[in-house]
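Residue numbers (this note's numbering), protein chains in the order written: chain Z, 1 to 281; chain G, 1 to 316.
Please keep in mind that the hints were generated in silico from the structure rather than gathered at the bench.
Given the structure is predicted, the values throughout are model-derived calculations rather than measurements.
We put the CB at the ideal spot given by N, CA and C, even for glycine.
Hints may be right or wrong, so weigh each one.
Unchecked claim - Listed next, the in silico DSSO-like pairs over lysine-lysine satisfying Cα-Cα at most 30 angstroms (straight line):
hint	chain 1	residue 1	chain 2	residue 2
1	G	Lys-43	Z	Lys-138
2	G	Lys-43	Z	Lys-166
3	G	Lys-39	Z	Lys-166
4	G	Lys-43	Z	Lys-139
Unchecked claim - Chain G regions said to be covered by chain Z (calculated; three or more residues, Cβ under 8 angstroms):
hint	stretch
5	43–53
6	60–66
7	94–108
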Amino acid sequence: MQAKELHELAVTATKARLLALDMVHTAASGHIGGSLSAMDILTTLYFHTMKVDPKAPQSPDRDRFVLSKGHCTPALYAVLALRGFFPVEDCKLFRSIKGHYSGHPDMKHVRGVDMSTGSLGQGISAAVGMAIAGKCDKKDYRVYAVLGDGEIAEGQVWEAAMAAAKYHLDNLCAFVDVNGLQIDGATADVMPSEPLDQKFAAFGWNVLKVDGHDYEAIAMALERAAAEKGAPTVILARTVKGKGVPFMENDAGWHGKAPNDEQYALAKADVEAILAGLEAK
Amino acid sequence: MAEKIATRNAYGDAIVALAEQYPELVVLDADLSGATMSKGFSKAYPERFFNMGIAECNMMGVAAGLAACGKKPFASTFAMFAAGRAFEQVRNSIGYPHLNVKVVGSHGGLSVGEDGATHQCCEDFATMRTIPGMVVCCPCDGNEMRQAVQALIDYDGPAYLRLGRSAVETVTDAVPGYRFELGKGVTLRDGSDVTLIAVGLMVQEALKAADILAGEGVSARVINMHTVKPLDEALVLKAAEETGAIVTSEEHNIIGGLGEAVSGYLSGVRPTPVVRHGVEDQFGRSGKAAEVLAAYGLTAEGMADKARAAIALKKR
Chain Z
1 MQAKELHELA VTATKARLLA LDMVHTAASG HIGGSLSAMD ILTTLYFHTM KVDPKAPQSP
61 DRDRFVLSKG HCTPALYAVL ALRGFFPVED CKLFRSIKGH YSGHPDMKHV RGVDMSTGSL
121 GQGISAAVGM AIAGKCDKKD YRVYAVLGDG EIAEGQVWEA AMAAAKYHLD NLCAFVDVNG
181 LQIDGATADV MPSEPLDQKF AAFGWNVLKV DGHDYEAIAM ALERAAAEKG APTVILARTV
241 KGKGVPFMEN DAGWHGKAPN DEQYALAKAD VEAILAGLEA K
Chain G
1 MAEKIATRNA YGDAIVALAE QYPELVVLDA DLSGATMSKG FSKAYPERFF NMGIAECNMM
61 GVAAGLAACG KKPFASTFAM FAAGRAFEQV RNSIGYPHLN VKVVGSHGGL SVGEDGATHQ
121 CCEDFATMRT IPGMVVCCPC DGNEMRQAVQ ALIDYDGPAY LRLGRSAVET VTDAVPGYRF
181 ELGKGVTLRD GSDVTLIAVG LMVQEALKAA DILAGEGVSA RVINMHTVKP LDEALVLKAA
241 EETGAIVTSE EHNIIGGLGE AVSGYLSGVR PTPVVRHGVE DQFGRSGKAA EVLAAYGLTA
301 EGMADKARAA IALKKR
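Turn these sequences into a full structure, and let the hints steer you where they fit.
In structure tokens form, the structure reads like this:
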């Protein structure tokens with residue numbers, strides 16, 4: 001990846017973080033911690049890898065994206081808005097009765113959303129269905145999904161994992177956003193999910209591991225996934241919950257809590273400083 | 001003699017017969033294709049059949065993903081697992097985004113017989129009809145089922161289709177020019193004293209009950225309400241106005257099914273005696289299908305009793 005594009009991805013992801021913080025603060029509710037941990041993955045997908053056209057969001061040949069950890073809607077809506085699927089100002093309507101930008105992704109009302117999700121464990125099954133449809137129709141679109149490492153406890157994830165291997169869905173690539181935390185605390189305490197690599201490998205998936213905040217590593221893993229034949233790929237992305245806002249980082253307390261005015265000002269200043277640093281380069 | 005066939009067999013025949021006409025039709029099953037009768041489709045169109053194993057929740061989600069890409073999936077398993085175990089997947093992944101998935105629940109009701117209570121789903125109408133935008137349909141015989149499958153393929157939206165295990169006598173072919181229409185009940189017999197509104201295999205019993213009642217000088221109208229949701233309100237209202245008493249009959253808990261749909265509607269527009277004939281908030285049990293139905297009063301005689309009670313209420 002060219003240094004220029006890397007820089008652009010970093011700038012975009014930082015702007016998306018600002019937007020997500022603004023959405024959660026304006027709505028006074030929402031899931032900021034996991035949105036910040038997944039932001040670099042979503043930014044790389046939508047601004048580097050995926051074949052999508054904001055002018056034709058229903059194109060049958062487009063790549064699909066399913067946010068299986070649907071509560072991280074602030075990340076998805078921020079990235080979709082910046083990518084041009086809907087006006088950035090609409091993000092103000094997140095979770096508001098005044099619009100249809102509901103708390104979890106809504107494919108019927110929000111341009112660019114490929115699947116309604118929110119109930120954990122279900123998105124990955126829909127992604128499997130989309131990948132099967134692509135195989136049936138001999139289309140070359142790819143299907144991407146992002147799961148949380150807490151979500152992995154849902155049995156349905158493993159039902160879907162078996163089906164993806166059975167149908168040799170090499171057009172499917174799932175990320176696990178391994179931030180190690182979930183609403184009640186550390187994933188290792190609530191319900192240990194490791195070793196994720198061995199679990200997915202045993203279920204017949206190709207397993208890749210990346211730093212989930214390294215755009216180049218994410219992009220390269222996605223290229224490797226696209227080159228794999230005969231099996232789906234999972235990218236285990238090690239991330240930091242709350243990434244980019246020091247006082248939110250690695251704190252399960254920020255899973256589903258909105259910052260108050262004072263906290264928002266602090267968080268915004270932190271991320272704006274990152275953006276200023278990037279733009280000075 | 002009229003054809004006797006289980007509605008699950010008619011379903012299996014219909015999806016094969018319609019496969020060429022509808023290239024986007026795909027069928028999923030959860031290791032029960034030999035029972036839901038999707039097996040014929042799996043043999044004839046293996047590239048359009050997906051056996052998802054004993055994993056109904058995932059199957060519903062996969063069906064949603066297929067529908068999101070323009071396919072017309074029919075996802076079949078037992079009613080207990082389709083409408084029970086996978087309820088939340090049907091609600092959130094299919095109902096909420098209003099995706100074009102046909103959720104097919106075979107072995108509905110007590111007539112499952114020997115397998116007993118764990119597999120006798122008497123709650124599927126209730127769970128499925130609480131999902132906004134969900135069509136709920138249960139044809140009474142093979143002829144109606146074949147037509148219903150085509151109507152459901154043509155209908156673009158989520159729907160639940162209940163199939164029965166036991167062979168049932170075909171009665172709809174006796175109706176001249178009978179054509180199945182989603183959401184439109186069918187008057188099989190006219191009458192003026194009471195109306196029997198039945199669904200599924202209770203339709204055949206309703207016709208017998210009307211004979212029993214006729215022997216007593218009671219004129220009973222019989223309506224086949226194959227679509228529980230959306231309810232054919234105009235037909236129900238007309239029956240209430242013209243006969244003044246209603247009996248609903250279903251192979252389902254009296255809580256949450258057709259009976260509550262009819263009485264809920266009438267209580268708001270024209271309060272009318274409605275007596276619900278169904279499973280009276282109990283679990284089923286093992287036995288031959290006819291024996292189990294009889295043990296729970298789901299017979300023509302049981303329905304006639306309810307009709308007498310409904311008429312008595314009218315006179316008060």
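- Query: Residue count check for the stretch 43–53 of chain G against chain Z: does it reach three with CB-CB under 8 angstroms?
  - Reply: holds (count 5)
- Hint consistency between G/Lys-39 and Z/Lys-166 [alpha-carbon to alpha-carbon, up to 30 angstroms]: Status holds; Cα separation ~19 angstroms.
- Count the residues of the stretch 94–108 of chain G with a beta-carbon closer than 8 angstroms to any beta-carbon of chain Z: does the count reach three? Contact hint for the stretch 94–108 of chain G vs chain Z: holds, 3 residues under 8 angstroms.
- Given the hint that G/Lys-43 pairs with Z/Lys-166, does the C-alpha gap stay at or below 30 angstroms? holds, 18 angstroms
- Message: For a C-alpha distance cap of 30 angstroms, please report whether G/Lys-43 and Z/Lys-139 respect it.
- Response: holds, 24 angstroms
- Message: For the stretch 60–66 of chain G, count the residues whose Cβ lies under 8 angstroms from any Cβ of chain Z; is that count three or more?
- Response: holds (count 7)
- Satisfaction of hint between Z/Lys-138 and G/Lys-43, Cα-Cα up to 30 angstroms: With Cα atoms ~21 angstroms apart, G/Lys-43 and Z/Lys-138 stay inside 30 angstroms; holds.
Hint compliance for this structure: every hint is met.
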